[in-house]
Amino acid sequence: MSHSTDYIGKPTNRVDGPAKVAGTAKYAAEFNVPNLLYGYVVSSPIAKGKITKIDAAPVLALPGVHQVFSHENVPSLAWLDRSYKDDIAPGGSPFRPLHSAEIKFSMQPVALVVADTFELARYAASVLHVEYEEEAHETELAKHLDEAYEPGRGKSGYKPPKSRGNFGKGWQQGVAHMEAQYSHHAQHHNPMEMFASTVEWLGDKKLNIYDKTQGAFNSQQYVMKIFGLGKDEARVVSKYTGGGFGSGLRPQYQLFLAVLASLELKRSVRVSLTRQQMFSFGHRPETLQHVALATAEDGSLTGINHVAVAETSQFEDFTENVVGWSGTLYDCKNVSLGYRLSKLDVYTPLDMRAPGAASGSIALEIAMDEMAYAAGLDPLEFRIRNYSDFDQAQNLPYSSKALRKCYAEGAAKFGWEKRTAEPGSMKDGNLLVGWGMGGGIWDASKQPAVAKASLDADGHLTVSSGTNDIGTGTYTIMTQIAAQSMGLPLEAVTFVLGDTELPEAPVQGGSWTAASIGNSVVEACTKLGEKLLKQAQKMDHPAFKDAKIDNVEFANGQLRLRADATQAVVLRDLVQASGEPKMEAENSTVLAKLELLKPPTHSMHAHNAVFVEVKVDPELMTVHVTRVVNAVAAGRILNPKTARSQVMGSVVWGISSALMEESVMDHRFGRYMNHNYAEYHVPVNADIHDIDVIFVSEEDDKVNPLGVKGIGEVGLLGVAAAVTNAIYHATGQRVRDLPVTIDKLL
Amino acid sequence: MNTFTFSQATGVAAAVQDNAAHDGAAYLGGGTNLIDLMKENVARPTHLIGLKKLGLDAIENLPDGGLRLGALATNADTAYHPEVEKRYPLLNQAILAGASPQLRNMATDGGNLMQRTRCYYFYDLATPCNKREPGSGCSAIGGYTRVHAILGASEHCIATHPSDMCVALAALDTTVHVSGPNGERTIKFEDFHRLPGDQPERDNTLEPGELITGLDLPAKGFAQNFSYLKLRDRTSYAFALVSVAAALELDGNIIKDARLALGGVAHKPWRDKEAEALLIGQPATADTFRAAAAKVLAGAKGQGTNNFKIELAKRAIVRALKQATEMNQALDANAFQNSNP
Ligand SMILES: Cc1cc2nc3c(=O)[nH]c(=O)nc-3n(C[C@H](O)[C@H](O)[C@H](O)COP(=O)(O)OP(=O)(O)OC[C@H]3O[C@@H](n4cnc5c(N)ncnc54)[C@H](O)[C@@H]3O)c2cc1C
Ligand code: SF4
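Protein chains in written order, with our numbering: chain H, 1 to 746; chain F, 1001 to 1341.
It should be emphasised that the hints constitute simulated quantities derived from the structure, not laboratory data. Even for Gly, the Cβ is constructed at its ideal location relative to N, Cα and C. Careful, some of the hints might be misleading.
[As the list claims (entries may be wrong)] Below, in silico cross-link-like pairs of lysine to aspartate or glutamate (EDC-like), each with a Cα-Cα straight-line distance of 16 Å or less: (1) F/K1314 with H/E619; (2) H/K50 with H/D86; (3) F/K1322 with H/E580; (4) F/K1314 with H/D617; (5) F/K1314 with H/D743; (6) H/K538 with H/E580; (7) H/K50 with H/E102; (8) H/K162 with H/D146.
[Unchecked claim] So, partial list: chain F residues that the calculated Cβ filter (under 8 Å) puts toward chain H: (9) N1002; (10) T1005; (11) E1201; (12) L1231; (13) Y1237; (14) F1308.
The shape of chain H in the complex, shown without the other chains:
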């Protein structure tokens, strides 16, 4: 039976929308606690060397300046590497801010000036005299390929890619071949909200920390370990996050600096970074890739070879799954994969939206297009011929896989059958028209997380979990799930997140939040439902006497019998009768944790297929992406409205990667030179035209009880490749170094 409170799967406006539009949603740098001091970070102008002198005296003499923190006066803190490792830290030795005179990367924080006002701190920072002894730095990946090495299993979750069969043999069996190198440069996440921490000093080492993060618990653990604080001494609050994209997965150095200053000065302190300083930490690593493919007469792949070399810092091994997908997405017996890192004098890279897969799919999906041409096949037909019905990499069946539907529905919507294969064969007036496609695959994962459901005597349900909403719609979908679970209207439900006082949840990343928190919310609500039923049974409700939880339902603010809806009791009355101000229940993570230890029985993935039209001016070589259709198979879609926004955003990201986005490093300085929004180009409205998002139906009862796979990242896959492929189709020019800026086409 359907109910008015069946919200799951319905397009639902963001519940946090009004607060954001009205400006009442507060971000980390907006908590104006009393007696606040302001810290401003001094960044290193050199990429490698030593600080030889910091002349703090003249700055300290300025009235209103409280302290200049640097390696010279930082008190002794935790000294084990382990203490500096956050949940997401890769293998190696994490960077410790203000730890020593050594400079390891350009824009490394070398001092924090703390003053009465932001303006004074900024001024004081600008006149702080710091001397350096420069050493030769190495930042150019192409010059350090020989030193590349295979990283170990440093980071939880990273597995070295597995080859299978015999690629050499497969290559020989092939009748058509392609082989090419692909590259893209570093990219910085650049969320709108700059990193900031406001640390409220509550006396006696007790801190309230408002932090920009994708994981309040991760930030909390980090400061607890480094500064020796107890859980109740370091509360981290992060209710709203102005974009994350992965940049907030690890605690950034402003958190360390703000906590340090607060503890030392026994005052509340805020440290916020500048836009320029947003280029001073994690980023999508520059990656060079090599792909070779071979096909048999019938167009089936006889061999896949995909090797990637990526940059990492001198101190940590940042790893991501760049090439592994190439062993899964298509059916092929002979797959040879390789992934290596090369150490450079840069900060450690960091997961950035669809980490690894976004990079890997650029190479694989352009290569697939090149192979289709070499084999004389339509790129879509070529992919269908190599469809994988069984995950050969994991040797497991798929829990569900509706990629075929993505191909079919996407192609139909786009009108792909009208495509003529010959490059340059399609025109719109003077403009060259190009149609290209691509696609990808992304993990459907789930992490243990706790949620709590609490119903008060007014019948209002509050569900809480210490997860984050980085703009993805977590507040909204969790409210929908909870409201539907308890049969309450949306208005009667509040979802609370972003606070370490709440039940523990993992960082928001990996597109696992919907599955992890969503299923926990269902479980917590189910447990609350059981309690409510017990309460009804305690009371004088003969109809419920022998009822089991499966015999009842929650609808219209009532608990009622499935078999006879007239037998009902108002939830509010149950709470009131309990004698307690509220009735509560939490889910248990025991099973979820056990599940993680068990070997998987199915391969669980989301997929997409994307079709792109570009129009290219044949003389000026300007490119416009005029049309995109992105068909996504991601299990059950909880909220088509927020989900669609996620995929549209992903498409914009893909267009950005394809055409303009790049952190430009001047290797002579080892420094990103376009470190501002004017020169770090991402698309503006005028660059974006029609984007069509299709969610194909995909039922999955194995992936998790809700049947969701997460949609934050999958939509990005193959988009940049599809744009590049469309440019080839329009112009006959195959560009393999992204972004495809105008100079590469002239």
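Here the structure of chain H is known, so what remains is to put chain F with the ligands in place on it, guided by the hints.
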């Protein structure tokens, strides 16, 4: 950003005096460039003189048929002024090709002339720059030069003037009115901005303390045949890689008068009168346009990562001239249709 004092000027003479009375004073228009430079510590004025109350924001017809733009008129008000839209559509297009609506609402016409280069190294105190710190060296040479010059650069500086508006002003033969410690004077637009030579710290020929009060557009506005073509890394809100202001006066297919100026290619808006001479008297054909383009770029020199701009500029010139020409044909065609229902 350093500490500074601020005063709001109420008259031109007072503003000039206030400037002379302070070492390191700077005029403040819309602040869209100066404040950014102060935040980055590239500009460190000790005293700011606000200009918004000078009453110099009017746009008025001149007796000789020209138009005066007050120095404090905003870029937006200028672009959308009915006289500009009607008589100087090239200027309208050029202004609207620049920055963003928010910026154009703040930015003033005087400030637009005075905005500084967008050279990445100029903005970053970690890298040497002759323009910022004379004698320290030019980091751009041998570096990342996407927004750098291909014409008129020197071994001391290869920066470009980033304005779009100024490219149209150069093409239209604008006159700049200034007022300074030594009284008032006018400067021809082509003499206003300068090439870097061995003094890259000087963007223009304004003397210390001089204030721009107005810009005079001559009567001739080329409203029939014009084009402002801007090529950049995204469709809006990016500085020009190359931009072209083309204006033609046509007699049938014959070019009677021509103006051609480029942006994003040199330390100043690049007007080429010899190329214009090649156009005048010739038929408006692709060959003519190509000859003019070849002339403009004859002495061009790339800096490595910006070599492509030479070819791009040639193609852009040809396209802009073509657009300016065909616009007339389109109009004719419309007129024909209109009179023959
Ligand atoms: C992100 C961004 C993108 C932009 N994109 C573009 C673009 O694509 N194309 C483009 O053309 N421009 C672009 N601009 C630049 C913008 O047009 C200029 O910043 C603006 O025109 C400057 O005007 P202003 O009044 O704000 O000047 P201010 O910032 O107030 O002043 C700039 C300089 O002019 C001096 N000054 C101001 N008024 C006078 C006067 N009357 N007499 C003498 N000196 C004076 C000041 O002392 C200062 O040195 C962009 C700017 C930004 C920030
Ligand atoms: S090009 Fe000019 S502005 Fe740029 S670094 Fe060189 S001297 Fe400075």
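Original post:
Between H/K50 and H/D86, is the straight-line Cα distance small enough, at 16 Å or below?
Top reply: With Cα atoms ~26 Å apart, H/K50 and H/D86 exceed 16 Å; violated.
Subject >> Distance restraint between F/K1314 and H/D617, which requires alpha-carbon spacing of 16 Å or less >> reply: holds (15 Å)
Subject >> Hint validity - F/Y1237 Cβ closer than 8 Å to any chain H Cβ >> reply: Holds. Min distance 5 Å.
Original post:
Given the hint that F/K1314 pairs with H/E619, does the C-alpha gap stay at or below 16 Å?
Top reply: holds (10 Å)
Original post:
Should the interface hint for F/T1005 be scored as holding, given a Cβ-Cβ cut-off of 8 Å against chain H?
Top reply: violated (14 Å)
**OP:** Measure nothing beyond the straight line between the CA atoms of H/K50 and H/E102; if it is 16 Å or shorter, mark the hint as holding.
**Re:** holds (5 Å)
**OP:** Would you mind confirming whether the straight-line C-alpha gap from H/K162 to H/D146 stays at or under 16 Å?
**Re:** violated (22 Å)
Original post:
Given F/F1308 was flagged as interface, is its beta-carbon under 8 Å from a beta-carbon of chain H?
Top reply: It holds, given that the least Cβ distance between F/F1308 and chain H is near 4 Å, below 8 Å.
Subject >> Per-residue hint verdict: F/L1231, partner chain H, C-beta under 8 Å >> reply: This hint holds: F/L1231 lies near chain H, its Cβ roughly 6 Å from the closest one there, short of 8 Å.
**OP:** Would you settle whether the hint for F/N1002 is holds or violated, based on the nearest Cβ-Cβ distance to chain H being less than 8 Å?
**Re:** At about 6 Å, which falls below the 8 Å cut-off, the nearest Cβ of chain H leaves the hint on F/N1002 intact, so it holds.
**OP:** Would you check the hint for F/K1322 and H/E580, treating anything up to 16 Å between C-alpha atoms as holding?
**Re:** Distance ~81 Å between F/K1322 and H/E580 Cα, so the pair is violated.
Subject >> Given hint H/E580 paired with H/K538 - CA-CA distance at most 16 Å >> reply: holds (14 Å)
When held up to the earlier numbered hints, the structure conflicts with 2, 3, 8, 10, 11 and fits the remainder.
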